[in-house]
Amino acid sequence: MPLTGHCLCKAVTYTVDVDAPILTGYDHCDDCQRQSGSTYSLVCVVPKDKFTSQGPLKKWKGIADSGNAVWRWFCAECGSPIAHDPEGAPEIIALKGGSLDMEIKKTLKPDTEIWTVSKLPFCQENLAKPFKYMPQ
Numbered sequence: 001m002p003l004t005g006h007c008l009c010k011a012v013t014y015t016v017d018v019d020a021p022i023l024t025g026y027d028h029c030d031d032c033q034r035q036s037g038s039t040y041s042l043v044c045v046v047p048k049d050k051f052t053s054q055g056p057l058k059k060w061k062g063i064a065d066s067g068n069a070v071w072r073w074f075c076a077e078c079g080s081p082i083a084h085d086p087e088g089a090p091e092i093i094a095l096k097g098g099s100l101d102m103e104i105k106k107t108l109k110p111d112t113e114i115w116t117v118s119k120l121p122f123c124q125e126n127l128a129k130p131f132k133y134m135p136q
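Position one of the sequence shown corresponds to residue 1 (full-length UniProt numbering), numbered consecutively onward.
Hint data in this document are derived by calculation from the structure and do not stem from the laboratory.
Ideal placement from N, C-alpha and C gives every residue a C-beta, glycine not left out.
Keep in mind that a hint or two might mislead.
Unchecked claim - DSBU-like cross-link-like pairs, simulated, lysine-lysine; straight-line CA separation at most 35 Å:
#, residue 1, residue 2
1, Lys58, Lys105
2, Lys59, Lys109
3, Lys109, Lys48
4, Lys132, Lys106
5, Lys59, Lys132
6, Lys61, Lys132
7, Lys10, Lys61
8, Lys58, Lys10
9, Lys109, Lys50
10, Lys106, Lys61
11, Lys10, Lys105
12, Lys105, Lys50
13, Lys61, Lys50
14, Lys132, Lys48
15, Lys61, Lys105
16, Lys59, Lys105
17, Lys58, Lys48
18, Lys10, Lys59
19, Lys58, Lys132
20, Lys106, Lys10
21, Lys50, Lys132
22, Lys106, Lys48
23, Lys58, Lys106
What the hints assert, rightly or not - Pairwise CB distance ranges, derived in the manner of DEER restraints:
#, residue 1, residue 2, range
24, Gly55, Pro121, 36 to 46 Å
25, Val117, Thr52, 28 to 38 Å
26, Ile22, Lys132, 19 to 29 Å
27, Gly62, Met1, 29 to 39 Å
28, Lys132, Ala11, 15 to 25 Å
29, Thr39, Asn68, 19 to 29 Å
30, Lys105, Gly67, 27 to 37 Å
31, Lys59, Phe122, 29 to 39 Å
Work the whole structure out from these sequences, hints included.
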């Protein structure tokens with residue numbers, strides 16, 4: 001069963017032709033904190049070539065600490081974040097976990113944390129695979 005999701009206003013919908021994400025985890029980088037308006041962003045990494053979308057996606061180019069571009073994808077209508085697309089890893093895209101359909105979100109099992117160097121001190125939960133920056 002493919003992964004499916006949408007933005008808040010449902011103008012953007014997407015499908016990922018996989019049964020499960022490659023990785024599900026918490027991204028503590030400052031950019032994800034700002035984009036999500038929260039302490040971290042729940043991300044579901046999937047193969048980019050399996051992702052298709054419909055609707056008014058807008059993209060904004062940010063620059064990662066590595067110097068590579070990271071494209072932030074969001075709905076042009078409601079502004080809901082959909083994914084981030086790191087040029088440093090062109091084979092993947094990191095879906096914003098909150099944009100997945102509810103029945104899929106309920107099955108997610110985050111087991112990884114990235115960018116823990118930016119993890120806020122009141123976020124106490126530690127997962128099995130913490131990485132100070134990006135996994136190598």
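Against the structure, the hints:
1. Among the hinted pairs, lysine 58 with lysine 105 is consistent with the structure: their alpha-carbon atoms are about 23 Å apart, no more than 35 Å.
2. Proximity of lysine 59 to lysine 109 is assessed by CA-CA distance (about 28 Å); at most 35 Å being required, the pair is judged to hold.
3. Only pairs whose Cα atoms come within 35 Å are accepted, and lysine 109 paired with lysine 48 is accepted, the gap being roughly 21 Å.
4. Between lysine 132 and lysine 106, the direct Cα distance comes to roughly 27 Å. Compliance with the 35 Å bound is thereby established for this hinted pair.
5. With a C-alpha separation of about 27 Å, the suggested pair lysine 59 and lysine 132 falls inside the 35 Å cut-off, and the hint holds.
6. Simply put, lysine 61 and lysine 132 have alpha-carbon atoms about 24 Å apart, close enough for the 35 Å limit, and the pair holds.
7. A C-alpha spacing of about 23 Å is found between lysine 10 and lysine 61, which places the hinted pair at or below 35 Å, so the restraint holds.
8. Restraint check for lysine 58 and lysine 10: the C-alpha separation of about 14 Å stays at or below 35 Å, so the hint holds.
9. Straight-line distance between C-alpha atoms of lysine 109 and lysine 50 comes to about 21 Å, which keeps the hinted pair within the 35 Å bound.
10. Using a Cα cut-off of 35 Å, the hinted pair lysine 106 and lysine 61 holds, with the two alpha carbons roughly 30 Å apart.
11. In summary, the hint linking lysine 10 to lysine 105 is supported, as the alpha carbons are separated by about 16 Å, within the 35 Å threshold.
12. A threshold of 35 Å between alpha carbons decides the hint, and for lysine 105 with lysine 50 the separation of about 19 Å falls inside it, so the pair holds.
13. Our distance criterion of 35 Å between C-alpha atoms is met by lysine 61 and lysine 50, whose separation comes to about 22 Å.
14. Distance restraint check for lysine 132 and lysine 48: the Cα-Cα separation of roughly 25 Å lies within the 35 Å cut-off, and the hinted pair is therefore satisfied.
15. Between the alpha carbons of lysine 61 and lysine 105 the distance comes to roughly 27 Å, so the proposed pair stays at or under 35 Å and holds.
16. Between lysine 59 and lysine 105, the direct Cα distance comes to roughly 24 Å. Compliance with the 35 Å bound is thereby established for this hinted pair.
17. Pair hint lysine 58 plus lysine 48 holds up; C-alpha atoms about 17 Å apart against a cutoff of 35 Å.
18. A C-alpha spacing of about 17 Å is found between lysine 10 and lysine 59, which places the hinted pair at or below 35 Å, so the restraint holds.
19. A threshold of 35 Å between alpha carbons decides the hint, and for lysine 58 with lysine 132 the separation of about 30 Å falls inside it, so the pair holds.
20. With a C-alpha separation of about 19 Å, the suggested pairing of lysine 106 with lysine 10 holds against the 35 Å cut-off.
21. Our distance criterion of 35 Å between C-alpha atoms is met by lysine 50 and lysine 132, whose separation comes to about 29 Å.
22. Restraint check: the Cα-Cα separation between lysine 106 and lysine 48 comes to about 23 Å, which is no more than 35 Å; the hinted pair holds.
23. Pair hint lysine 58 plus lysine 106 holds up; C-alpha atoms about 27 Å apart against a cutoff of 35 Å.
24. Restraint check, glycine 55 to proline 121: a C-beta distance of roughly 38 Å satisfies the suggested window 36 to 46 Å.
25. The beta-carbon spacing between valine 117 and threonine 52, approximately 34 Å, falls within the hinted interval of 28 to 38 Å.
26. For isoleucine 22 and lysine 132, the hinted distance range of 19 to 29 Å is satisfied, since their beta carbons lie about 20 Å from each other.
27. Under the hint 29 to 39 Å, the C-beta atoms of glycine 62 and methionine 1, about 32 Å apart, fit the expected range.
28. About 37 Å separates the C-beta atoms of lysine 132 and alanine 11, a value inconsistent with the hinted range of 15 to 25 Å.
29. Between threonine 39 and asparagine 68 the Cβ separation comes to about 24 Å, which falls inside the hinted range of 19 to 29 Å.
30. Judged by the Cβ atoms, the range 27 to 37 Å given for lysine 105 and glycine 67 holds: they are separated by roughly 33 Å.
31. The hinted window of 29 to 39 Å between lysine 59 and phenylalanine 122 holds, with their beta carbons roughly 32 Å apart.
Hint compliance for this structure: hint 28 alone is broken.
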